[in-house]
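So the protein sequences, as listed, match chains A and B. First residue of the first sequence: 1, per the working numbering; consecutive thereafter. First residue of the second sequence: 1001, per the working numbering; consecutive thereafter.
Hints were generated in silico from the structure; no laboratory data involved. There are no misleading hints in this set.
Derived DSSO-like pairs: lysine-lysine, alpha-carbon spacing no greater than 27 Å straight-line:
#1 B:Lys1055 / B:Lys1066
#2 A:Lys42 / B:Lys1041
#3 B:Lys1066 / A:Lys2
#4 B:Lys1041 / B:Lys1064
#5 A:Lys79 / A:Lys42
#6 A:Lys42 / B:Lys1014
#7 A:Lys79 / B:Lys1041
#8 A:Lys42 / A:Lys2
#9 B:Lys1066 / B:Lys1041
#10 A:Lys45 / B:Lys1020
#11 A:Lys2 / B:Lys1064
#12 B:Lys1041 / A:Lys2
#13 B:Lys1064 / B:Lys1020
#14 A:Lys45 / A:Lys2
#15 B:Lys1014 / B:Lys1066
#16 B:Lys1066 / A:Lys42
#17 B:Lys1041 / B:Lys1020
#18 B:Lys1064 / B:Lys1014
#19 B:Lys1014 / B:Lys1041
#20 A:Lys45 / A:Lys79
#21 B:Lys1055 / B:Lys1020
#22 A:Lys42 / B:Lys1020
#23 B:Lys1041 / A:Lys45
#24 B:Lys1066 / B:Lys1020
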Amino acid sequence: RKEVEQDPGPFNVPEGATVAFNCTYSNSASQSFFWYRQDCRKEPKLLMSVYSSGNEDGRFTAQLNRASQYISLLIRDSKLSDSATYLCVVNSYSSASKIIFGSGTRLSIRP
Amino acid sequence: GAVVSQHPSWVICKSGTSVKIECRSLDFQATTMFWYRQFPKQSLMLMATSNEGSKATYEQGVEKDKFLINHASLTLSTLTVTSAHPEDSSFYICSASSSEAYNEQFFGPGTRLTVL
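Build out the structure end to end from the sequences listed, making use of the hints.
Here it is as structure tokens:
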């Protein structure tokens, strides 16, 4: 089983739709969680951190469920510019800090 | 936000040659730098973690003698792919974090390596 798993997609949704992705992680000792966005052939860029209480940044909402070991990302009123691959990132502070990237979920917004 | 640069942005080389990739933090001191590799349509795979002034910690399956990492200063880390072969062709990305913001990594723009 992969340490961090994501649905690869692609998710193809119309502009203005609401879309949600989930990401599951296997290490219960994981302590930090992030969503990154990666455009084609570019480096990943931090979209938002994920806090235990859930957090919102404009149209984006991230949530963490420690009991079920998953994090989610919700995008409301999607824009064409939201088309990208969204990477779930988990950081485990065990004996050595371990940063694991999920394989990414591809999102395509159509006009 | 913090800026990380990489050089070169792309390189084409013959099989058997060595290639050096530089990663620089331009406006902050990077106590830790990470090197990733990304094959087409796959996620980033962490290759190694390096702390300034100490030996890099390599992930399982990554040959330390083939991928030489030097983190000699708080603003520069280098990755040298020795005796490169076509299967080493990939997108190599570095990231850096500071002691004040260890949780956040700032990524370089990546280096696309093609080995003929």
